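In case you want the letters, here they are:
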Amino acid sequence: MKATFKQEWKASKSRILYTSIVLAIVLLGAAITNFIAYETQSNHVTFFGMFMYGVGIFCALAVPIYALIRGSGNLRPLLFSDTNYLMLLVPEHSYTLLLAKQLTNLAEYLIYALPSAIYLSFMGPTAGLVMHTTVNGVVYNSSGTETYWESVRQIYKYVLIDNWTSTLQIFAMGIILFVVLQAAINCAYALYSAFIHTKKPNKFLILVFLFFLFYIPIRLGFLGIDRIRFESLDSAKLLWNYIWRFAVFGAAYFGLTGWLMENKIEV
Amino acid sequence: MEPILYVEGLQKRYGMKPALRNISLNLEPGHILGLMGPNGSGKTTFMKVVAGLQKASGGTIRVCGKPVGIESKKLVSFLPDRNIMPRWMSAADAIDYYHDFFIDFDINKANEMLNFVHLEKNVPVSDMSKGMIEKLNLTLSFSRRAKLYLLDEPLGGVDPVARERIVSMIAQTFNPQSSIVVSTHLVHDIEKMFNDVCFISEGEVILYGDAQQLRTERGMDIDALYIQMFRDRC
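Top line first, the protein sequences correspond to chains A and B. All the letters of the first sequence, read from the start, carry residue numbers 1 to 267 under the working numbering. All the letters of the second sequence, read from the start, carry residue numbers 1 to 234 under the working numbering.
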């Protein structure tokens, strides 16, 4: 397990480093541009800042999602390339390989997501340039009643002190959902590889498998998606009620993927 | 004494198509088996099944008494007929990888072998020639103190000088407590190493026996015998 994790990390670290640099440049660029716009109240800089806002928020959301879809435990090279021989010849159980790969991918996700959240916190106070509004008691405006740094401090106070239990729960839920999605994507790959023997994966068919991996539990009513009342979703207790059901399916998909690799998948 | 490799009635089908039919053979310690046959005869499939990359459809395989699985993978060193190292890896990274996963990997031997084949440690696979990759893969396979070495076309695609080096590398590093199965078309370059030979055609063993005995009985070397056996079949 330790060896697999180490080798996965070695294989991923360059990609993670370069992606993190791009993410930092875009988001810090957006934060600095908007800070200048905020301080100078310049229309030209504000316009550019708004554009940077769009780009920055897109990157902050898209890169971690890309990490999930592209990586998702890095199962693809294990099933569809010649390097799969290397991994499948080592005396390790498929479950160990899978777990190490998923943990590496989770670490990659966090390496993108956590700094993104920090960069976004520095963009938060200048959001008033784009939208003059109040969100959950935090006032975003450019009226000059609050300095930039006071606003940043207010965001951190709101997230880490006033609402730390909610933050922690949202963080935990985010990780669980990520791991469940990883397991489902890996399972879709494994099902494809086990039953449709092609050298190159057909992405459409993998998407079909993935669709059914979510459709089946939803149709069975197990996930309770159809009973969700969105007005009651502010209760963390209710959310956990759905999250653990997802987690059960994630564990089942993880088990199925490992079993397919041990018993059905050939390279 | 337990054979290193025991195969009895091995069958492998891809759907309805048979790839291996009722293959049986034994390999004793210290023996080198030449597995020969034309393209598509089932040599690679046989090796993949023994290495645990594919599942047998029937029959029995034991490596030092252990069925194919995690335990047998600890004993088998497989050299596939293609590059299996990721392009970003250098020889040093590959050695580190094998050292992490295989308890029998001898890091000093790997370094010595790299020197012997004049391979730089820090050149990434993406910058290596086919011959260099072949030497790297062979170095990694033979730096393990495995019981069974499976070499699938180890001489394919390398020039005669590199071929000669590879053959001498195999001869020098061979441990008499272990066994080797070598599949090849280039019979002439390697036949002197074989103790046993097995000719395979369409997934079936058509000739299996002691190499020296076959040479004496048939009055020809293995290369000539191979040509004679397969001339009409290909």
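Rather than coming from a laboratory, the hints here were simulated on the basis of the structure. This structure is a prediction, so every number in the text was calculated from the model and none was measured. From the three backbone atoms N, C-alpha and C, an ideal C-beta is built for every residue, glycine too. Wrong hints could be hidden among the right ones.
To spell it out: a stretch of chain B is covered by chain A in this simulated footprint if at least three of its residues, at any positions, have a beta carbon under 8 angstroms from a beta carbon of chain A; those stretches are [claimed, not checked]:
no.: 1; stretch: 77–89
no.: 2; stretch: 98–112
For each label pair, taking beta carbons as the anchor points, the in silico distance ranges come out as [as the list claims (entries may be wrong)]:
no.: 3; chain 1: B; residue 1: Phe174; chain 2: A; residue 2: Arg245; range: 50 to 60 angstroms
no.: 4; chain 1: B; residue 1: Asn122; chain 2: A; residue 2: Lys2; range: 22 to 32 angstroms
no.: 5; chain 1: A; residue 1: Leu114; chain 2: B; residue 2: Gly30; range: 54 to 64 angstroms
Pairs of lysine-lysine, DSBU-like flavour, derived with a Cα cap of 30 angstroms [stated by the list, open to error]:
no.: 6; chain 1: A; residue 1: Lys6; chain 2: B; residue 2: Lys66
no.: 7; chain 1: A; residue 1: Lys199; chain 2: B; residue 2: Lys17
no.: 8; chain 1: B; residue 1: Lys192; chain 2: A; residue 2: Lys199
no.: 9; chain 1: A; residue 1: Lys200; chain 2: B; residue 2: Lys66
no.: 10; chain 1: B; residue 1: Lys74; chain 2: A; residue 2: Lys264
no.: 11; chain 1: A; residue 1: Lys203; chain 2: A; residue 2: Lys264
no.: 12; chain 1: A; residue 1: Lys2; chain 2: B; residue 2: Lys74
no.: 13; chain 1: B; residue 1: Lys17; chain 2: A; residue 2: Lys264
no.: 14; chain 1: B; residue 1: Lys109; chain 2: A; residue 2: Lys199
no.: 15; chain 1: A; residue 1: Lys10; chain 2: B; residue 2: Lys130
Hint-by-hint comparison with the structure:
Evaluation of the coverage hint for the stretch 77–89 of chain B: fulfilled, as 8 residues show C-beta separations to chain A shorter than 8 angstroms, against a requirement of three. Interface restraint, the stretch 98–112 of chain B with chain A: holds (3 residues with C-beta to C-beta distance below 8 angstroms; minimum three). For Phe174(B) and Arg245(A), the Cβ-Cβ distance of about 57 angstroms falls inside the hinted range of 50 to 60 angstroms, so the restraint holds. Hint check: Asn122(B) to Lys2(A), Cβ distance near 25 angstroms, so the stated range 22 to 32 angstroms holds.
Take Leu114(A) and Gly30(B): their Cβ atoms lie about 57 angstroms apart, and the range 54 to 64 angstroms holds. For a cut-off of 30 angstroms, the pair hint linking Lys6(A) to Lys66(B) stands: about 29 angstroms separates their Cα positions. Taking the CA atoms of Lys199(A) and Lys17(B), the gap is about 19 angstroms. The hint holds against a cut of 30 angstroms. At most 30 angstroms may separate the alpha-carbon atoms for a hinted pair to count; Lys192(B) and Lys199(A) exceed this at roughly 37 angstroms.
Taking the CA atoms of Lys200(A) and Lys66(B), the gap is about 34 angstroms. The hint is violated against a cut of 30 angstroms. Only pairs whose Cα atoms come within 30 angstroms are accepted, and Lys74(B) paired with Lys264(A) is accepted, the gap being roughly 21 angstroms. For the proposed pair Lys203(A) and Lys264(A), the alpha carbon gap of about 20 angstroms is at most 30 angstroms, so the pair holds. Annotation: proposed proximity of Lys2(A) to Lys74(B) holds, straight-line Cα distance about 17 angstroms (limit 30 angstroms).
Restraint check: the Cα-Cα separation between Lys17(B) and Lys264(A) comes to about 17 angstroms, which is no more than 30 angstroms; the hinted pair holds. Between Lys109(B) and Lys199(A) the alpha-carbon distance is near 35 angstroms, which puts this suggested pair outside the 30 angstroms criterion. Straight-line distance between C-alpha atoms of Lys10(A) and Lys130(B) comes to about 24 angstroms, which keeps the hinted pair within the 30 angstroms bound.
Violated hints, listed in ascending order, are 8, 9 and 14; each of the other numbered hints is respected by the structure.
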